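Undergrad: Listed below are the residues making up each chain.
Protein chains: 2
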Amino acid sequence: MPSYKAPVEDMMFVLKDVLGAGQVFSAIPAYADIDTDVVENVLEEAGRFCSEILQPLNMSGDAEGCRLENGVVRTPKGFAQAYAAFSDAGWGGLSASPDHGGQGLPRTLQILVDEMLSASNLSFGLFPGLTRGAYEAIEAHGDEALKALYLPKMIAGTWTGAMALTEAGAGSDLGMLKATAVPRGDGSYTVTGSKIFISSGDHDMAENVIHLVLARLPDAPAGTKGISLFLCPKYLVDRDGTPGARNAISVGALEHKMGIHAQPTCVMNYDGCRGWLVGEAHRGLAAMFTMMNAERLFVGVQGLGVADASYQTAATYARERLQGRATGVAGTAPIIAHPDVRRMLLSMLSFIEAGRALSLFTALEMDKEKCHPDPEIRRASGGLVALLTPVIKAALTDFGFEAAVLGQQVLGGHGYIREWGQEQFVRDARIAMIYEGTNGIQAQDLVLRKLPLDGGRPVRMFLGLIRDTLEQADGIAEAASQCVAVREALAHLDQVTARLIDGDLVASDERNAAATDYLRLFALVTFGWLWLRMTLTVLNMGANANAHARRKIAVGRFFADRILPQAGALARQIGAGGAPIMALATENF
Amino acid sequence: MPSYKAPVEDMMFVLKDVLGAGQVFSAIPAYADIDTDVVENVLEEAGRFCSEILQPLNMSGDAEGCRLENGVVRTPKGFAQAYAAFSDAGWGGLSASPDHGGQGLPRTLQILVDEMLSASNLSFGLFPGLTRGAYEAIEAHGDEALKALYLPKMIAGTWTGAMALTEAGAGSDLGMLKATAVPRGDGSYTVTGSKIFISSGDHDMAENVIHLVLARLPDAPAGTKGISLFLCPKYLVDRDGTPGARNAISVGALEHKMGIHAQPTCVMNYDGCRGWLVGEAHRGLAAMFTMMNAERLFVGVQGLGVADASYQTAATYARERLQGRATGVAGTAPIIAHPDVRRMLLSMLSFIEAGRALSLFTALEMDKEKCHPDPEIRRASGGLVALLTPVIKAALTDFGFEAAVLGQQVLGGHGYIREWGQEQFVRDARIAMIYEGTNGIQAQDLVLRKLPLDGGRPVRMFLGLIRDTLEQADGIAEAASQCVAVREALAHLDQVTARLIDGDLVASDERNAAATDYLRLFALVTFGWLWLRMTLTVLNMGANANAHARRKIAVGRFFADRILPQAGALARQIGAGGAPIMALATENF
Numbered sequence: 001m002p003s004y005k006a007p008v009e010d011m012m013f014v015l016k017d018v019l020g021a022g023q024v025f026s027a028i029p030a031y032a033d034i035d036t037d038v039v040e041n042v043l044e045e046a047g048r049f050c051s052e053i054l055q056p057l058n059m060s061g062d063a064e065g066c067r068l069e070n071g072v073v074r075t076p077k078g079f080a081q082a083y084a085a086f087s088d089a090g091w092g093g094l095s096a097s098p099d100h101g102g103q104g105l106p107r108t109l110q111i112l113v114d115e116m117l118s119a120s121n122l123s124f125g126l127f128p129g130l131t132r133g134a135y136e137a138i139e140a141h142g143d144e145a146l147k148a149l150y151l152p153k154m155i156a157g158t159w160t161g162a163m164a165l166t167e168a169g170a171g172s173d174l175g176m177l178k179a180t181a182v183p184r185g186d187g188s189y190t191v192t193g194s195k196i197f198i199s200s201g202d203h204d205m206a207e208n209v210i211h212l213v214l215a216r217l218p219d220a221p222a223g224t225k226g227i228s229l230f231l232c233p234k235y236l237v238d239r240d241g242t243p244g245a246r247n248a249i250s251v252g253a254l255e256h257k258m259g260i261h262a263q264p265t266c267v268m269n270y271d272g273c274r275g276w277l278v279g280e281a282h283r284g285l286a287a288m289f290t291m292m293n294a295e296r297l298f299v300g301v302q303g304l305g306v307a308d309a310s311y312q313t314a315a316t317y318a319r320e321r322l323q324g325r326a327t328g329v330a331g332t333a334p335i336i337a338h339p340d341v342r343r344m345l346l347s348m349l350s351f352i353e354a355g356r357a358l359s360l361f362t363a364l365e366m367d368k369e370k371c372h373p374d375p376e377i378r379r380a381s382g383g384l385v386a387l388l389t390p391v392i393k394a395a396l397t398d399f400g401f402e403a404a405v406l407g408q409q410v411l412g413g414h415g416y417i418r419e420w421g422q423e424q425f426v427r428d429a430r431i432a433m434i435y436e437g438t439n440g441i442q443a444q445d446l447v448l449r450k451l452p453l454d455g456g457r458p459v460r461m462f463l464g465l466i467r468d469t470l471e472q473a474d475g476i477a478e479a480a481s482q483c484v485a486v487r488e489a490l491a492h493l494d495q496v497t498a499r500l501i502d503g504d505l506v507a508s509d510e511r512n513a514a515a516t517d518y519l520r521l522f523a524l525v526t527f528g529w530l531w532l533r534m535t536l537t538v539l540n541m542g543a544n545a546n547a548h549a550r551r552k553i554a555v556g557r558f559f560a561d562r563i564l565p566q567a568g569a570l571a572r573q574i575g576a577g578g579a580p581i582m583a584l585a586t587e588n589f
Numbered sequence: 001m002p003s004y005k006a007p008v009e010d011m012m013f014v015l016k017d018v019l020g021a022g023q024v025f026s027a028i029p030a031y032a033d034i035d036t037d038v039v040e041n042v043l044e045e046a047g048r049f050c051s052e053i054l055q056p057l058n059m060s061g062d063a064e065g066c067r068l069e070n071g072v073v074r075t076p077k078g079f080a081q082a083y084a085a086f087s088d089a090g091w092g093g094l095s096a097s098p099d100h101g102g103q104g105l106p107r108t109l110q111i112l113v114d115e116m117l118s119a120s121n122l123s124f125g126l127f128p129g130l131t132r133g134a135y136e137a138i139e140a141h142g143d144e145a146l147k148a149l150y151l152p153k154m155i156a157g158t159w160t161g162a163m164a165l166t167e168a169g170a171g172s173d174l175g176m177l178k179a180t181a182v183p184r185g186d187g188s189y190t191v192t193g194s195k196i197f198i199s200s201g202d203h204d205m206a207e208n209v210i211h212l213v214l215a216r217l218p219d220a221p222a223g224t225k226g227i228s229l230f231l232c233p234k235y236l237v238d239r240d241g242t243p244g245a246r247n248a249i250s251v252g253a254l255e256h257k258m259g260i261h262a263q264p265t266c267v268m269n270y271d272g273c274r275g276w277l278v279g280e281a282h283r284g285l286a287a288m289f290t291m292m293n294a295e296r297l298f299v300g301v302q303g304l305g306v307a308d309a310s311y312q313t314a315a316t317y318a319r320e321r322l323q324g325r326a327t328g329v330a331g332t333a334p335i336i337a338h339p340d341v342r343r344m345l346l347s348m349l350s351f352i353e354a355g356r357a358l359s360l361f362t363a364l365e366m367d368k369e370k371c372h373p374d375p376e377i378r379r380a381s382g383g384l385v386a387l388l389t390p391v392i393k394a395a396l397t398d399f400g401f402e403a404a405v406l407g408q409q410v411l412g413g414h415g416y417i418r419e420w421g422q423e424q425f426v427r428d429a430r431i432a433m434i435y436e437g438t439n440g441i442q443a444q445d446l447v448l449r450k451l452p453l454d455g456g457r458p459v460r461m462f463l464g465l466i467r468d469t470l471e472q473a474d475g476i477a478e479a480a481s482q483c484v485a486v487r488e489a490l491a492h493l494d495q496v497t498a499r500l501i502d503g504d505l506v507a508s509d510e511r512n513a514a515a516t517d518y519l520r521l522f523a524l525v526t527f528g529w530l531w532l533r534m535t536l537t538v539l540n541m542g543a544n545a546n547a548h549a550r551r552k553i554a555v556g557r558f559f560a561d562r563i564l565p566q567a568g569a570l571a572r573q574i575g576a577g578g579a580p581i582m583a584l585a586t587e588n589f
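Protein chains in written order, with the UniProt record's numbering: chain G, 1 to 589; chain D, 1 to 589.
Each hint should be verified, as a subset may be incorrect.
Okay, derived cross-link-like pairs now, DSS-like style, lysine-lysine, Cα gap no bigger than 25 Å in a straight line [stated by the list, open to error]:
(1) G:K257 / G:K77
(2) G:K5 / G:K77
(3) G:K225 / G:K178
(4) D:K77 / D:K5
(5) G:K257 / D:K77
(6) D:K370 / D:K147
(7) D:K16 / D:K370
(8) D:K257 / G:K257
(9) D:K370 / G:K77
Think of the hints as simulated: they come from the structure by calculation, not from any bench.
The structure presented is a predicted model; accordingly, all values stated were derived computationally and were not measured.
Whenever a hint applies, use it, and build me the whole structure from the sequences.
TA: If you want it as structure tokens, here you go:
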């Protein structure tokens, strides 16, 4: 059986020691009185909840799955109770606005709790995750009446949220969607259409489900500029917030998926249901996009969380399982003594800790973007968040899946069967590379939209941060080999970036052909940078660094020596341009 | 719904045009009268069987799975009928010796049929695959009485085979196995023990199941040198070959697996069952190893087959699915017009065709090793087969899995649900990286045993073949850029190989630390070489090359430009040595 322990010590190391979150918070009035000891306590508490309540339901939820019975979705045994406990403890409103009953804590803290939720039970974590996405959209774009009626119950977890974007003919290309909304003359709309792949679309865990549905008004222009966003509750809500009559919303089917079986992914039918416009008419996509950064960070962290859960199981197994002989071990050795097993575990670990540092770095920038008193800092942080969002979503889920596959491999045949839960992690992690915009879409977003953003200012600023760290590391012997590796990888990234922004690879087919390799290169350099920052942090601690902190130096070195060389290969692949990709005629595939 | 068409034209291109199998066969008396037209007919026929009979059972078999009912394993609906049709058509004995009723065709042909079986229904393919493994072991090591009694029925498919090696405490380390065999004084033995992960361990498709069980005799030395091989039939067989009384063999449980659900992977209990020694006492492992090359080639080809099935579905979907705008396409474009989708498809295709060429190259060497009249050629071929076996097993299953993941990604959300079958390919392909020796074990086999084999002669010979092709390509303009890429990658491989054989990386921890990256580097260079050979073959055809043949040039160029650069990164990772892998203390993982 797998077990999961939230890595609070590692989290606090990055938050406090590497990123200096305490100082950042102290400059933000809304967070000025947040003490890092309090943060640690919250994380310990969240970790306990995840280990004790959610993780034990992960395998049973996968085996049982959700069922659709006479139009009602039944979640697996224990999920409703766990969700009630989660809501009662206030976890659903951790980072929500105190105006509507939330605790008002920073995104930085939220994202660490999201990692724990994803590590212990990804299917479960989607319920509060989507609820938060929905209430953030309503908070940002809804009118005061909608906010007053819906936000308190959603933040309290009494009602959950769902996002209904995708239709059978309109996946990545939302401009093609066909759902309609017609004004009823009373301020509400009649919404009609069918949506697929709707996570948390329906279930038996909460009193109401609040759907945010993309649809077209009668006078809507074609394409993405004619899409509006509607709030459609499963049960219509009285003025005092009491759910009453059933709205014309039904579950057409549950999708049969590779994984996240405990999560009800629904085909939803909106059969002339009542809905309320959120934000401006025809501006629904813009409304969705304002919360996209947070949603994509959340999905990236799912990849990270599952990778850590898989790592913890693999490391435990590798210490216990005796097979073969190894240098320096008398008798049969635990497989962790074998170099190839260590290589797999270190590949996982070097991704997980760097990925966590990246997600925290970005969450902190989101907190600054939202709440910092200095508008210049808000603007700069916003640029970094926009730039890093596709990197986090795609790289953390790609590497996260690869890590889960390695974690499965460490267990050999025992990784392929249910027993240890490793095969579930692989199946569950796989979805994160697809939903919330496939990783190919993320790569295009990075290369086509984020690199040229604001005249290239965010990417220049970010690469500048890497150069700053390299300068700080200059002359520090224990970091020298990492510096060499990062400097070389950065040179590759610099050169390719220039070619994509205004060089020979600027044409859109060239940028598209480069996109996925470029995003991976960008992520590798970023991870290398964060490992260097972690290493420098430990070295600065001197004698105060404990063994747990000092292990960062060994893992950082592994990453620089045994993973980062891939940066050079990716730069060459990108440099070869789009011609080798475009040459083959469509009919010859 | 997925569909599969056996790529007979591509197969014949490699077999006939690239490898010149016709000439090779004509030099081998046993195969001298094999006409390549006959081969093509056999392949067409096999392809039809796979497309029409086996592929339609693949998804239903996965959904239904096997069940254990009162000790009896039930295979999914349609499997028993399909197996009867398969055996009636003689497919089970394709490459088996005519002495016992086989058709005596070359391994080269067998491996192509194996690829089709794996592509259309991996779970099904394991039944005849394991039967062949078992009858080849009996043929090579059994005494005449055993052969006469068991081989004809196994070759005819009336009885199937199973290999019982693994125990709960003895996976990769067979020396730890505990099953026992005690002589009964009548020439037979009492075999006792429990085995796990036994593919085709029991089922309802054939009259009898012949288990080859590894166990220890009472006087056995410890470790791998005290293991013997026993034939234990599910039903005891009369002298005339009629199955009679049930042997004391039972199914303890079916494993709950990530995939290959239609394949009954059993926990088997041998409760004092009767068995017969196959080969010499204490030499069971050697007996198993003589057929290991064939089994590992078979498993490698599973990765290849599933990758091709996934590719075919992804390419079909990409041509049909309309999403977004693309250069040169009016209106909404099929996603195959998007560079990133083409990149995914080309990554798959460039692996599949090179992987097939490698499997065929090796199978042809196996045919020469077994049947060529010239003992020097037999020896040289044997060396190449030994060298390439771990490469095929690991690289074809690693790249095959990666290809299936890409094929799933092409379909976005539709790849994550059952509908198109792509998620099943990922789940099924995953096992091939684990069983028949994990890919980590394969990499160790390559680096620790195969590189130093025969004083390094096989590896030198193989690298010499690559150099020969580069020389042939010299001065041919259309192959020039591929030549540059292959020459550079080969230089990396040469240099690292020398360091591993007798240079600074010769210590066993260093070789183990290098193993997985080295195997991947070896495979990439080999694929690059085979793409160059395919390109040269097409160029030599001149005006006779049709569009289907000419597409090889485009795919080969893609591989050289956009995949092969990884060779340089792998060489650097290996060059960094084992220190970064060994530095972290076990307790700090």
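Undergrad: Each hint needs a verdict: does it hold in this structure or not?
TA: Hint check:
About 19 Å separates the Cα atoms of G:K257 and G:K77, which keeps this hinted pair within 25 Å; it holds. A hinted pair counts as satisfied when its Cα atoms are at most 25 Å apart, and G:K5 with G:K77 qualifies at roughly 23 Å. With a C-alpha separation of about 13 Å, the suggested pair G:K225 and G:K178 falls inside the 25 Å cut-off, and the hint holds. Between D:K77 and D:K5 the CA atoms are separated by roughly 23 Å; this keeps the pair inside 25 Å, and the hint holds.
Taken as a hint, the G:K257 and D:K77 pair is honoured in the structure, with Cα atoms around 22 Å apart against an allowance of 25 Å. About 19 Å separates the Cα atoms of D:K370 and D:K147, which keeps this hinted pair within 25 Å; it holds. Using a Cα cut-off of 25 Å, the hinted pair D:K16 and D:K370 holds, with the two alpha carbons roughly 20 Å apart. Between D:K257 and G:K257 the alpha-carbon distance is near 16 Å, which keeps this suggested pair within the 25 Å criterion.
This hinted pair does not check out: D:K370 and G:K77 have alpha carbons roughly 59 Å apart, beyond 25 Å.
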